[in-house]
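2 protein chains.
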Amino acid sequence: MTSSYLAGPLLTDLYEMTMAAGYWRHNLNDKATFSVFVRNPDHKRNYFVAAGLAALLAELEAYRFRREDIRYLQQLKLFDTNFLDALRRLRFTGDIHALPEGTLFFPDEPVLEISAPLIEAQLIETLVLNTIGIATLIATKAARSVHAAAGRPLVDFALRRTHGSEAGDQVARSTYIAGFSSTSNVRAGQRFGIPVAGTMAHAFVTAFPSELDAFRAYAATFPQHTIFLIDTYDTLAGARNAATVALEMRARDQRALGVRLDSGDMIALSRGVRRILDEAGLTEMKLYASSSFDEFKITEIIQSGAPIDAFGVGTKVGVSADAPYLDIVYKLVQLGKRPIRKLSSNKVTLAGRKQIFRHDDPHGVFQEDILACREEKRAAGEPLLEPVMRNGQRHTPEASLVDIRKRFAKQFGCLDPRYKTIDSHIAYPVRLSARLKALQK
Amino acid sequence: MTSSYLAGPLLTDLYEMTMAAGYWRHNLNDKATFSVFVRNPDHKRNYFVAAGLAALLAELEAYRFRREDIRYLQQLKLFDTNFLDALRRLRFTGDIHALPEGTLFFPDEPVLEISAPLIEAQLIETLVLNTIGIATLIATKAARSVHAAAGRPLVDFALRRTHGSEAGDQVARSTYIAGFSSTSNVRAGQRFGIPVAGTMAHAFVTAFPSELDAFRAYAATFPQHTIFLIDTYDTLAGARNAATVALEMRARDQRALGVRLDSGDMIALSRGVRRILDEAGLTEMKLYASSSFDEFKITEIIQSGAPIDAFGVGTKVGVSADAPYLDIVYKLVQLGKRPIRKLSSNKVTLAGRKQIFRHDDPHGVFQEDILACREEKRAAGEPLLEPVMRNGQRHTPEASLVDIRKRFAKQFGCLDPRYKTIDSHIAYPVRLSARLKALQK
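Chains as they are written, first to last, in numbering that gives the first Met the number 0: chain A, 0 to 440; chain B, 0 to 440.
Honestly, the hints are just simulated from the structure, not real lab data.
These figures come from a predicted structure and were not determined experimentally.
Be a bit skeptical, because a hint or two may be false.
Since copy identity is lost for identical chains, a pair holds within one copy or between any two.
Keeping only pairs whose Cα atoms sit at most 20 Å apart, straight-line, the calculated SDA-like set for lysine to any residue is [as the list claims (entries may be wrong)]:
1) 336 to 25
2) 440 to 209
3) 76 to 256
4) 285 to 222
5) 43 to 321
6) 296 to 326
7) 376 to 87
8) 296 to 280
9) 419 to 390
10) 76 to 254
Given only the sequences and the hints, what does the whole structure look like? Please build it.
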C-alpha cells in the first residue's frame with residue numbers, strides 16, 4: 000500500500016480531539032484498552048468476516064500530524080498551543096490484538112483490542128471504526144454471496160456504485176477475501192494484486208453500425224478474452240450474433256469464452272441462450288450474468304437450475320444494500336488497572352481485555368466460542384486474537400491477500416451450514432468464561 | 000482540493016479500457032456524447048440534489064496515466080504497445096454541460112452530458128458515475144433530513160460508519176450543501192472549509208472517576224464549547240450533573256451550551272431533561288440529540304413536539320440507509336452526427352444531446368421541466384445545464400461551497416412542498432419537447 004492512500008490523523012471526529020485535549024489538560028493518560036466489536040440488533044447477519052486490519056496498521060505506523068494539519072487545528076481556535084505541540088510530536092505507540100483478516104466472528108466478540116496511552120487510543124477511534132467497518136461489512140456480504148453461488152465464480156463489478164473511490168478499492172479487496180475470483184476495478188488490481196476482469200458494455204455495441212460489427216471488432220481485438228454482451232437490443236438475437244462470431248473465431252482457431260446477460264428474466268433467457276449456443280455446437284461457451292445480483296437473487300437462480308456459469312456482482316454487494324452499515328463500536332474496557340463498563344440503555348459493554356477461544360468438534364466444525372479474560376489460560380479452544388502490533392510497530396509481516404483468502408475459505412468450511420442461511424437468524428453460541436463473568440460484577 | 004485526493008484514471012472498470020482498445024484498433028473515435036442520469040425504479044425519491052461536479056472536474060483536468068499505471072497495464076498482457084503509448088499521451092479534451100452543484104433535478108433528467116472523442120469519453124465512465132453518485136446520493140438524503148428538521152440545525156456525525164474515508168469527506172460536503180450546519184469530520188473541515196463540531200463521547204465520561212468529574216474537566220478545558228453527554232449511566236441523573244456543572248460555570252461567568260442525549264426514548268427523556276434544566280434556571284441550555292436519526296426519525300420527533308433543539312445525524316444519512324445507492328447511469332446518446340438509443344428491457348435511453356428547461360409560476364414555484372434538444376431555442380423556461388468544461392479545461396471558476404449551499408436552499412424553497420414528502424411517491428412533471436420526441440423515432 001502506498002502512502003498516497005493513507006487517510007491520516009485528521010480523518011477523525013472533532014470530539015476525539017477535544018476529548019484528547021481534556022485528558023491532556025487533566026494529565027489523564029494511563030494505558031487504556033478499547034475493544035472493537037459489532038452489535039447485531041436487527042439480526043440480519045449470523046456471522047461476520049474480519050477485514051481491514053492491514054489498512055489500519057499501515058495508518059497507525061504512519062500516524063503523524065503534518066505541519067498543515069497543525070496549522071488547520073490552530074486556526075480553529077479551540078486548542079491551546081501546548082496541546083498542539085504535543086500533537087505534533089505524537090506517534091501511535093500502542094499494542095493491538097486482533098483477529099487476523101479473513102477470520103469468522105460473531106456479534107459482541109472483539110475484532111480487535113487496542114491498548115495505548117488514553118490520548119492516542121482516543122484519537123484513533125474514528126479511523127479504526129471507519130477502516131475496519133467498510134472492509135468487514137463488505138467481506139461479510141460477499142461471503143453470503145459466495146455461499147449462495149455454490150461454487151460458481153463471482154466477479155466484483157461494483158465500482159461505479161460504491162460510496163466513492165476508497166470504498167471501491169476496499170470492496171474489491173473484501174470480496175476477493177471472501178472468495179470472489181476477480182474485480183473489474185483496475186486500481187484495486189494495481190494496488191492489491193487482485194486479478195482484473197471485464198469485456199464490454201452496451202456503449203461498445205451501440206458505437207458500431209450493428210451488434211454483429213461490434214462483436215467482430217471485439218473478437219479481433221481480444222481473441223483470447225472475448226465475452227459478448229448480448230442484451231443491448233434483444234438477448235436471443237444477441238445470442239445468435241454471438242454464435243455467428245464465435246463460429247467465425249473457431250474457423251481461425253480462436254475460442255470465444257462466453258456471453259453475458261445483463262437484463263431481463265435471467266432464468267428464461269439463460270435457458271434460451273444456452274440452447275442457441277448448444278445448437279451451434281458452442282457447448283464450451285459460458286453464460287455470465289450480471290443484473291442486480293446479491294445472495295438473495297443468486298439463490299433464486301441456483302434453485303431454478305438456470306444454466307448460468309458465473310456472476311458479475313455489483314451494486315447490491317458493493318453497498319451491502321440489505322444492511323448498508325455495521326453497528327460497529329469502540330468501547331473503553333480498561334483504564335490503568337480499572338476495568339470499565341458502560342451500562343446505559345441496555346447497550347452493555349463487557350469490561351476487561353479479552354480473548355476468544357473457539358472450540359471445534361472432532362471433524363473440525365466450530366461448536367462454540369468462549370469469551371474470556373485476555374490472560375486466562377484455558378485447557379481447550381483455539382485463541383483467536385493475535386498480537387499484531389507492539390509499541391506502534393507491526394509485530395508480524397503483513398499477510399498476503401491470497402493467504403487471507405485461504406484463511407477465510409478454511410474457516411468458512413468449518414462453519415456449520417445452518418449458520419450460513421441468508422433468511423433467518425440462528426445465533427452461533429458465544430459464552431462468557433466464569434472469570435470474565437465475575438469481572439463484570 | 001489537493002491532488003492527493005485524486006482517484007486517477009485507473010479508478011475504472013477494466014471493460015472501459017478493453018472497449019477503448021477496441022475503438023482504438025478500429026479507428027472509432029468520433030465525438031461521442033454520454034448522458035448521466037438517475038433512474039427511479041423503486042420510487043424512493045421524489046427529487047435529487049446534484050453534487051460531486053467539482054471533484055469530477057478536478058479529476059478530469061488532471062487526467063493522466065502515470066508511468067506506473069502504464070507499467071501495470073502492460074503487465075496484464077491484454078493491451079498492445081501502441082495502445083498503451085496512446086494512453087500515455089492521452090488527456091481529457093472534452094466538453095461538459097452540467098447542472099451546477101446544488102441544483103434540484105428529477106428522474107431521467109441529465110445531471111451532466113459529456114462530449115468527447117469516444118475513447119476518452121468511454122474511459123472516464125466509471126470515474127464519473129462513482130464521483131457524482133456518492134455525492135448526489137448523500138445530498139439527496141440530507142435534503143430530506145433538513146426538510147424534516149423544520150429549521151433545527153443538523154450536524155453530520157457519520158464519519159465512523161461511512162464506506163471508507165473518501166465517502167466520509169463526501170458525506171460531510173454533501174450534507175453541508177443540503178443545509179447541515181457543520182460536520183464532526185475534521186479532515187472534511189480542513190479540505191472543504193466546512194465548520195467542524197463535536198464535544199465528548201462516553202469514553203470521556205467513563206475515563207474519569209465520576210460523571211461529575213468528567214463534566215467539570217470538560218468545562219475547564221473548553222468553557223466556551225461545553226455540551227455535556229448525559230446518557231453514559233442514566234440520562235436524567237446525567238442532566239442533573241450537567242445542571243450542577245453549568246451552574247458552577249455560570250458562577251465563573253461562563254455558559255454551558257447544552258446537553259446531548261444519545262440513547263433511549265428521545266421523546267420522554269428530552270422532556271425530563273428540559274424540565275431539569277429549566278428548573279435549575281438553565282433555560283438557555285440547548286438539547287442536542289443523536290441516536291440513529293434520519294428524515295423518518297426526525298419527523299417523529301418534530302411531530303411529537305419533543306423539546307430537541309438540534310440533531311447529530313450519523314450512520315443512516317451517511318450511508319443513505321433506506322436507499323443506499325442511486326441507479327445512476329452513463330449512456331451513449333450521440334456518436335458523430337448519429338443519435339443513439341438503447342431499447343433493451345424497458346430501460347429506454349433518450350437519444351440526442353439535451354437541455355432541461357424549468358418553468359415556474361409567478362411566485363417562483365417550479366411548475367414543470369421540459370426535456371428538449373440541446374440546441375433548441377425556447378421562448379420560456381430557464382435552461383439548467385450549463386457549460387462547465389471546454390476542451391478539458393474548466394470553463395468557469397469553481398463555485399464556493401457556500402454559494403452551492405445557497406443555490407440549493409434557494410431551489411429547495413421553489414419546490415412545491417407536496418414533492419418533499421418522505422413517505423409517498425409524487426412525480427414532478429417532466430415532459431419531452433416535441434422536437435426531442437421526434438428525434439426518438
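Results of checking the hints against the structure:
no. : hint       : verdict
1   : 336 to 25  : within (18 Å within a copy, 72 Å between copies)
2   : 440 to 209 : between (75 Å within a copy, 18 Å between copies)
3   : 76 to 256  : between (62 Å within a copy, 17 Å between copies)
4   : 285 to 222 : within (15 Å within a copy, 68 Å between copies)
5   : 43 to 321  : both (8 Å within a copy, 15 Å between copies)
6   : 296 to 326 : between (25 Å within a copy, 18 Å between copies)
7   : 376 to 87  : neither (41 Å within a copy, 59 Å between copies)
8   : 296 to 280 : neither (30 Å within a copy, 59 Å between copies)
9   : 419 to 390 : neither (38 Å within a copy, 53 Å between copies)
10  : 76 to 254  : between (67 Å within a copy, 18 Å between copies)
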